[in-house]
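Going line by line, the protein sequences match chains A and B. Going by the working numbering, the first sequence opens with residue 1, and the numbers climb by one from there. Going by the working numbering, the second sequence opens with residue 1, and the numbers climb by one from there.
FYI, nobody ran anything at the bench for these hints, they're computed from the structure. Just so you know, even glycine gets a beta-carbon here, dropped at the ideal spot from N, CA and C. Watch out, some of these pointers could steer you wrong.
To be verified - Computed from the model, here is a short list of chain A residues facing chain B with C-beta under 10 angstroms: (1) VAL60; (2) ARG132; (3) LEU157; (4) TYR158; (5) GLY162; (6) THR163; (7) PRO171; (8) PRO181; (9) ARG183; (10) ARG242.
To be verified - Rough simulated footprint, nothing fancy, chain A against chain B, three-plus residues with beta-carbon under 8 angstroms: (11) 84-90; (12) 96-107; (13) 372-383.
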Amino acid sequence: MKTALITDLHANREAVEAVLEHARFQAVDQYVLLGDFVGYGADPGWVVDTARALVRQGAVAVMGNHDEAVVRGSSPHMRPDARHVIEWTRAHLSAEQIDWLASLPMTQQRGDHLYVHANAWMPSGWDYVHSRSEAVRSLHATDARYTFCGHMHEPKLYHVSGTGKAGDFTPTPGVPIPLPPHRQWLVIPGSAGQPRDGNPAACYAVFDDAASALTYHRVPYDYETAGNKIRAAELPQRLAARLEEGQ
Amino acid sequence: MDSKLYSRSLGYAGGQGLPAPSPLEPGQVIDRFRLEEKLHVGGMAHIWRVSEVNHAGDSRLPLIMKVPRIKGGEDPATIVGFEVEQMIMPMLAGPHVPKFIAKGDFTRQPYIVMERIEGVSLRARLDEAPLAIDEVIEIGSRVATALHDLHRQHLVHLDVKPSNIMFRPDGTAVLVDFGLSRHDHLPDLLDEEFTLPMGTGPYMSPEQVQFVRNDPRSDLFALGVMLYHFTTGERPFGQPDSVRGLRRRLYMEAVPPRAIRKDCPPWLQEVIFKCLEVKAERRYQTAGQLALDLQDPSQVVLSKRAERLQGSGAIKTFKRWFFALGAEPAAAYAKTTEQLERSPIILAAVDVDNATTPLLERLRETVRRLVLMEPGARLACVSVMKTARIGMDDLVDDAGRSRHVKQLVGLKHWARPISKALNLDEGRLTFHVLEAPDAAAAITEFAQRNQVDHIVMGARGSSVLRRYLGSVSAQVLANSECTVTVVRATPGTEAAPAKPDAP
Numbered sequence: 001m002k003t004a005l006i007t008d009l010h011a012n013r014e015a016v017e018a019v020l021e022h023a024r025f026q027a028v029d030q031y032v033l034l035g036d037f038v039g040y041g042a043d044p045g046w047v048v049d050t051a052r053a054l055v056r057q058g059a060v061a062v063m064g065n066h067d068e069a070v071v072r073g074s075s076p077h078m079r080p081d082a083r084h085v086i087e088w089t090r091a092h093l094s095a096e097q098i099d100w101l102a103s104l105p106m107t108q109q110r111g112d113h114l115y116v117h118a119n120a121w122m123p124s125g126w127d128y129v130h131s132r133s134e135a136v137r138s139l140h141a142t143d144a145r146y147t148f149c150g151h152m153h154e155p156k157l158y159h160v161s162g163t164g165k166a167g168d169f170t171p172t173p174g175v176p177i178p179l180p181p182h183r184q185w186l187v188i189p190g191s192a193g194q195p196r197d198g199n200p201a202a203c204y205a206v207f208d209d210a211a212s213a214l215t216y217h218r219v220p221y222d223y224e225t226a227g228n229k230i231r232a233a234e235l236p237q238r239l240a241a242r243l244e245e246g247q
Numbered sequence: 001m002d003s004k005l006y007s008r009s010l011g012y013a014g015g016q017g018l019p020a021p022s023p024l025e026p027g028q029v030i031d032r033f034r035l036e037e038k039l040h041v042g043g044m045a046h047i048w049r050v051s052e053v054n055h056a057g058d059s060r061l062p063l064i065m066k067v068p069r070i071k072g073g074e075d076p077a078t079i080v081g082f083e084v085e086q087m088i089m090p091m092l093a094g095p096h097v098p099k100f101i102a103k104g105d106f107t108r109q110p111y112i113v114m115e116r117i118e119g120v121s122l123r124a125r126l127d128e129a130p131l132a133i134d135e136v137i138e139i140g141s142r143v144a145t146a147l148h149d150l151h152r153q154h155l156v157h158l159d160v161k162p163s164n165i166m167f168r169p170d171g172t173a174v175l176v177d178f179g180l181s182r183h184d185h186l187p188d189l190l191d192e193e194f195t196l197p198m199g200t201g202p203y204m205s206p207e208q209v210q211f212v213r214n215d216p217r218s219d220l221f222a223l224g225v226m227l228y229h230f231t232t233g234e235r236p237f238g239q240p241d242s243v244r245g246l247r248r249r250l251y252m253e254a255v256p257p258r259a260i261r262k263d264c265p266p267w268l269q270e271v272i273f274k275c276l277e278v279k280a281e282r283r284y285q286t287a288g289q290l291a292l293d294l295q296d297p298s299q300v301v302l303s304k305r306a307e308r309l310q311g312s313g314a315i316k317t318f319k320r321w322f323f324a325l326g327a328e329p330a331a332a333y334a335k336t337t338e339q340l341e342r343s344p345i346i347l348a349a350v351d352v353d354n355a356t357t358p359l360l361e362r363l364r365e366t367v368r369r370l371v372l373m374e375p376g377a378r379l380a381c382v383s384v385m386k387t388a389r390i391g392m393d394d395l396v397d398d399a400g401r402s403r404h405v406k407q408l409v410g411l412k413h414w415a416r417p418i419s420k421a422l423n424l425d426e427g428r429l430t431f432h433v434l435e436a437p438d439a440a441a442a443i444t445e446f447a448q449r450n451q452v453d454h455i456v457m458g459a460r461g462s463s464v465l466r467r468y469l470g471s472v473s474a475q476v477l478a479n480s481e482c483t484v485t486v487v488r489a490t491p492g493t494e495a496a497p498a499k500p501d502a503p
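With the hints as constraints, model all of the structure from the sequences given.
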């Protein structure tokens, strides 16, 4: 079975469309959406509806910190920019769409796969897996062989051996990487809706169970249109610029 | 025997949960492979001859199955090394590796099934060293060619030694055992696992001793050690069994091969010393460049060390030791192929006798720009001297010899502005007059043999000539595996014939 792992979609319709089309071409039979459907981008309603349709057809979805923030509404502790984005997003979602976001679980486990937005040791704390030490912490917190998470927007692969030695790897797009099952692996596909590694192309990954192989993909998309929509919606301008720079 | 330096004392908890595989017996079938006979019992793995059950089709590849020896699951080197090999082998292709067929994972029965390369490894020849000089060169050039191909596939082997080298019946070198290798596109499972340098003591490069695992030039150091051993019958850095012993190669210079073997040609000593440079940036930059020198020794630029008959004195060694203290290897290239891309071999095919002056100038300008872009580039200037297809080889006579020299002079004259402007020295510029009846075939073959990355040549100017003789560049374009640039002179300047004093 081939599973597409898509995360940090961030209300970017153009990116999500491009990724889904690419995934269909890879003959993917399962979708896993690792959270942060909204925030930053100008198409929260479309992205939420698309995710809901996929979930109705059997896709797995978990909650991200932006989804949680939109469900709860802004708080005075937030930076003005962030508060503005959240209020704008709430205003552009129906009650039904917000309810769907509110219903998302923090984690889902399927066999030896764990799906979680940020980390396995405290999913609702939203701490980042920045480096090997956090990757080890996360992998020690679960008995799942494979952890798939988002939150970090750069694609990365961490692994821990039986001796507890951890390694990290920055993947080359399009090359299948075998993930032998007697090690633990933490997979960060990278953000579909707001990549930050200097490459504006949307990120996602495909895991092939039969071969235990993982392929990271980069999908070019029309970030100019996505950026123009952000500008037109009078969301913070730098959110448009960073799509074009991939930063 | 070569001893692998691993930390064997590390407990490997990951192995403990694995079922201890029951001993394998001939006739047993694992997945779709039947074990026929045990061919080899090694320290790390057993090798079985296997056949594919229910195999359809006529072209049966002879197969072997490599099965790791798991001794109670406590040996991290065996397990991780085998894992690495299982990940890497399916990524590799071509004549210089055994063809990968299948693998079985550690949760059941770990194995790798691959093509069987007939014959024995080069290990047997070590006992016969010193070998004839011609044979040393032949081995070196074949292995360098194989390494260049692997490096192009994003792999650094990191355990190049005679026991890991085999030959196909046609002489093609095949590298085996990728248990210590590193592939740019795969996580390096070995990088974090061990606290001791990884490799085989006598062959390990200085940067490997210092934990650098991504420099393809490490393989050239190992090949240099092999060439030294085959030439002299001795190991340049002995057989150290401690990290301290390994570190000696950071400052101890090997005894010159010519001090041990008088008939070692100075150029070969130069080549070996260049491979054994402590700093990777002073070695050959690619295996292809090494193969080029081994195949055309007349082009090797000799330095003082080429002739040396004795080792460095104590003062010099002390200096080297002093500077090696705390010296860290220079930041290595992040990707294996990056190193190769920065050091391409560019072939300029120059028809010195017939091309027009504007074409020769345009060709030179195109080549200059290409070489300028890559400071590690190497330029091979080639011209083809036509010989008759049938009949006397006219090279043996004086007229033939003088034609050859004349072409060489013409080539050097053509390249002079480039070599002066770009300061192309130290073997980065070479000249070759090929003698062949068919220019296109000669250029294509030379490019293939020497791992050329880019051929630059002129289009035959006159359309009349082209009609009668056919286009050499079109044939080269059609038959070469590398990039080919065909240069044309600006229209309208074609008519001017080449003057003897041009450019």
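Consistency of the hints with the structure:
Interface restraint check: VAL60(A) against chain B, minimum CB-CB distance 25 angstroms, threshold 10 angstroms, status violated. Interface hint status for ARG132(A): upheld, as the beta-carbon distance to the closest one in chain B is roughly 8 angstroms, under 10 angstroms. For LEU157(A), the interface hint holds, since its Cβ comes within 10 angstroms of a Cβ in chain B; the closest pair sits about 6 angstroms apart. A distance limit of 10 angstroms between C-beta atoms decides the matter here; for TYR158(A) the minimum to chain B is near 9 angstroms, and the interface restraint holds.
Interface restraint check for GLY162(A): the shortest CB-CB distance to chain B comes to about 2 angstroms, inside 10 angstroms, so the restraint holds. A least Cβ separation of about 6 angstroms between THR163(A) and chain B falls short of the 10 angstroms threshold, and the interface hint therefore holds. At about 8 angstroms, the closest approach between the beta carbon of PRO171(A) and any beta carbon in chain B falls short of 10 angstroms, and the interface hint on this residue holds. Interface restraint check for PRO181(A): the shortest CB-CB distance to chain B comes to about 6 angstroms, inside 10 angstroms, so the restraint holds.
The closest approach between the C-beta of ARG183(A) and any C-beta of chain B is roughly 7 angstroms, which is under the 10 angstroms cut-off, so the hint is satisfied. Interface hint status for ARG242(A): violated, as the beta-carbon distance to the closest one in chain B is roughly 25 angstroms, over 10 angstroms. Figure legend: the segment 84-90 of chain B, annotated as covered by chain A; annotation consistent (3 residues with Cβ-Cβ distances under 8 angstroms, at least 3 required). For the segment 96-107 of chain B, the stated coverage by chain A holds: 3 residues have a C-beta nearer than 8 angstroms to a C-beta of that chain, and at least 3 were required.
Only residues whose beta carbon comes within less than 8 angstroms of a beta carbon in chain A count, and the segment 372-383 of chain B has 0; fewer than three means the coverage is violated.
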